[in-house]
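Trainee: Below, each chain spelled out in residue letters.
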Amino acid sequence: MSPPTPRRGSSWMRMGGLIRKESLQILRDPASIAIAFLLPVVLLLIFGYGVSLNAKHIPLAFVADAPDKESAALLASFNHSSYFSPRIAPNLATAERWLLNRQVDAIVHVPSDFSAQLHTASQSAPLQLIINGVDANQARLTQAYIQAGWQSWLAARTQAAGLEHSAAAAQPVALAARIWFNPELRSRDYLVPGLIAVIMTLIGALLTALVMAREWERGTLEALMVTPVHINELLIGKLVPYFVLGMGGMALSVAMAVWLFGVPFLGSWWLLVLTSALFLLTALGMGLFISIVARNQFVASLIAIITTFLPAFMLSGFIFDIGSMPGWLQNLTYLVSARYFIVILHTLFLAGDVASVLWPNTLALLAIALFFIAASRRKIRKSLE
Amino acid sequence: MPSLLLKNDTQALGTQGPETQALGTQALVIQGLYKSFGKAPRSTQAVNNVSFCVPMGAIVGLIGPDGAGKTTLMRLMAGLLTPDAGSLQVLGVDVQKDPLTVQASIGYMPQHFGLYEDLTVQENLTLYADLQGLPFNQRPDRYQQLLAMTGLGAFTDRLAGQLSGGMKQKLGLACTLVRPPNLLLLDEPTVGVDPVSRRELWAIVIQLVQEEGMTVLLSTAYLDEAEHCDEVILLHEGQILGQDTPAAFTQHLAGRVWGAKRHQGLRRHLQAELRQQPGILDAVIDGDWVRVLLAEQTAPPALPDGVWQPLPPRFEDAFVLMLHSQPAPQTAPALAPPASPPIEPTPRERPAEVIAVHGLTRRFGAFIAVNAISFSVQRGEIFGLLGANGAGKSTTFRMLCGLLPASGGALSVAGVDLFTAAAKARARIGYMSQKYALYEVLSVLQNLKFFARAYGLKGAHLSQRLAWALAEFDLDQYRDTNSGLLPLGFKQRLAMACALMHEPDILFLDEPTSGVDPIERRAFWARINGLADLGVTIMITTHFMDEAEYCDRLVIMSQGRILAAGTPAVIRAQAQTEAAPNPSMEDAFITLITAPTQPAGAGA
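Top line first, the protein sequences correspond to chains Z and A.
This note's numbering numbers the first residue of the first sequence as 1 and each following residue consecutively.
This note's numbering numbers the first residue of the second sequence as 1001 and each following residue consecutively.
Take these hints with a grain of salt, some might be off.
[Said to hold, decoys possible] Every beta carbon over 12 angstroms from chain A, so not counted as near; a handful from chain Z, in silico:
1. L24
2. T227
3. L235
4. M256
5. V273
6. A355
7. A367
8. K379
[As the list claims (entries may be wrong)] Here's a subset of chain Z near chain A, in silico, CB distances under 7 angstroms, partners left out:
9. R14
10. Q25
11. R28
12. P30
13. S383
[To be verified] Keeping only pairs whose Cα atoms sit at most 27 angstroms apart, straight-line, the calculated DSS-like set for lysine-lysine is:
14. Z:K379 x A:K1097
15. A:K1458 x Z:K382
16. A:K1435 x A:K1449
Note that these hints are calculated values from the structure, not bench results.
Keep in mind it's a predicted model, so treat the numbers as computed, not measured.
Even glycine gets a Cβ: it sits at the ideal position worked out from N, Cα and C.
Isolated chain Z (complex conformation) (with noise of 0.2 angstroms):
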């Protein structure tokens, strides 16, 4: 007999065909376009409005064992910063009693000596700071601050006095901190660049995970087999929308940072959009290798958010410093994409085009990114087994 008639038609023909219907899906799926729209929105609006790393209006207990004329003025620049919201307690243990009870975080004690000690100029003046270590981020932020507080308050008195000799006695080294890229540490301007590498990962990794399980679910990728679509057009008729809609997903984010948020932007354009990309694809290809592994939605999305969400959150260095993780897990966090992208987006947002820092990170996306991309290639075939 004479050979069959292949039905094959154009490679083109098919990957177009692909990628309509997964958009259709996609536009029809309430819950994908929630996922790329809804939850950059909602997470950011949490994040950027809710969480905050800076310490305002510290609840603060000021206690002057012989209040006098250097304690009020010490007690006036508490009153006047927007960091602390003081209250005067009668004694020591009234102040102790409110900490424990958690309406203050700190007592400032001033001791009945403090002022005759002022004036020696033999000695610093003792200053009792008792702090709530419970949260020790926190308890930590408000030492800082009281410590910056008391300084300032220092020099301001020794200027105001003009009395050289007292102010070059007690500060022998006069410490001037000069804070680089994010000038006013609003932590706001670091978390939301952060926050966009979390949410892309996200988007991207959950959304294919669940594309490829849910065709082995609904049974449709057996039929699609026994068509003459070949495994890279498969593979790119998954990848292509879902690329679309999480570039969608992050210029909303971006629009929102740098709109919403007044987070600067000192870098290029074209280099956010191109990390972005890269970025993107390695997780786009991980959850795409997720999906073809696990062949179940519930357990894709498991394993999802176990690999890819929860590390670009916890290890990532958008929340918890690399720097202070113990060894082994600094290792683990090489692995993550996210804590490339995370340095990229901050260096664009926060200090321009530093060539030095994004280049070795935008290599260490691309090869993340072939790797998983190569990983799920090898790992699909056509066929059931």
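Since the structure of chain Z is already known, use the hints to place chain A on it.
Mentor: Coordinates of chain A only, in the frame set by chain Z:
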């Protein structure tokens, strides 16, 4: 339709008979095929030394019960699985060497066809046209042709997820056919589809072979569909029992199939009686008759106050006979008579209404799943709920069992509404769900113990019931086997045993015989009949039309309403016309479901 004509000249028109054995005329040549799943000690041999050919232009049926290996064979042919040994030539191409060429030339419709439910009918067709590379200029004609053939022309903008089961199946077929394939592989296209759609699907397949010269290999668990095929391959437990024309299968049965009828008494009592007689291999209820298959060289036994009538043999008779001659000890004891044979007729003189349903309604949002149905069931009666998938059978069932509250109407089971009644009342019912609801990682004994304890059995009573279940259902050989590893027929037995551990008065059975082989089905019905004779009320749903005959009374449901109610004879009589004086239950079902008149009043 230039594409169709183009295809025809690449092959001889499908007129040659199956006896033509030249290789060039074979669409499919399979030799010595083996395929097993799982690791060595627990592996199952799904396909065991299978060889056959499918001639060009023929409709060949691959027939066998669930687990026979039909789907595995189909997937092997489509290049989705790799065989352990053996060779597979599809349209002259070795599937293992060049699966892409094979996949580009065949049409394959898997059992659960992958329709994208969130795409419309037209979008699904377009997707498959793109994937199969149908040129744009041929599309409008082909779409129109397929939509006309499947009757989906009016629904092109409807989402596939909102189609009925039969329409989905037809759309799946249309997608497979967008670019006419040379060979069409259909894996159980008619399963779970209502009889009307089943007939329509068959009409399409026959039309394809006649007009487009396509070769069709189709698998099915419905034995009556064998008659539509040019050739039938009988598959059982991974092996081929025979391949021939349907007529050849039944030829040697001429004169051995008889119908028996008695003027009074229940058909199922006559059936049980005949089944125990020597020389009778099989006895099933068929319309007003009990259909009997005699051993070779045997005359029908004497039947006091009854009559015999010769009947034409059917494919199922041949299959049952073949299974009997199989050296398969697993299925052998299934034909044993029920443990408690009927001694006296059901106490009809004191009919007690056990289940009463009045104006029962269930809505899911705007969708009315069950629409004001009414019926009643007497004690010791076998009552059937018949309908296609989505007719409302399972919803009715769940309301009766107290698993789902009713939206309106009244119902009582053993005098109470189980949804609001105390848990104690539920102990009077037994429920066997469609999916069997067994703990797959527990052994047979552990499953039995669990369900018995869940109903509060303990001590001597518990051990006595366990012994009964193992003996009655012949489960002793599997007592320590995990239930997930049991053959399908034994899973069904175990599920039924679990539902009966606490000796319920009312037994609810939801599609209990789906996919099990005919021998197991007979054993199952023998047990059901035995239970009914002991006074247990049986409520059963099924989509097998022949099983409807086994019920004492039944209702036919469609789109949430009752179309007809009564004894099988009464329902059949509703479809009686001059053209069809002896309609079958399936004829009756189709007549009722396609009738333009309003559904009959719902009193039973």
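Trainee: What are the numbers of the hints that this structure violates, sorted from low to high?
Mentor: 1, 2, 12, 15
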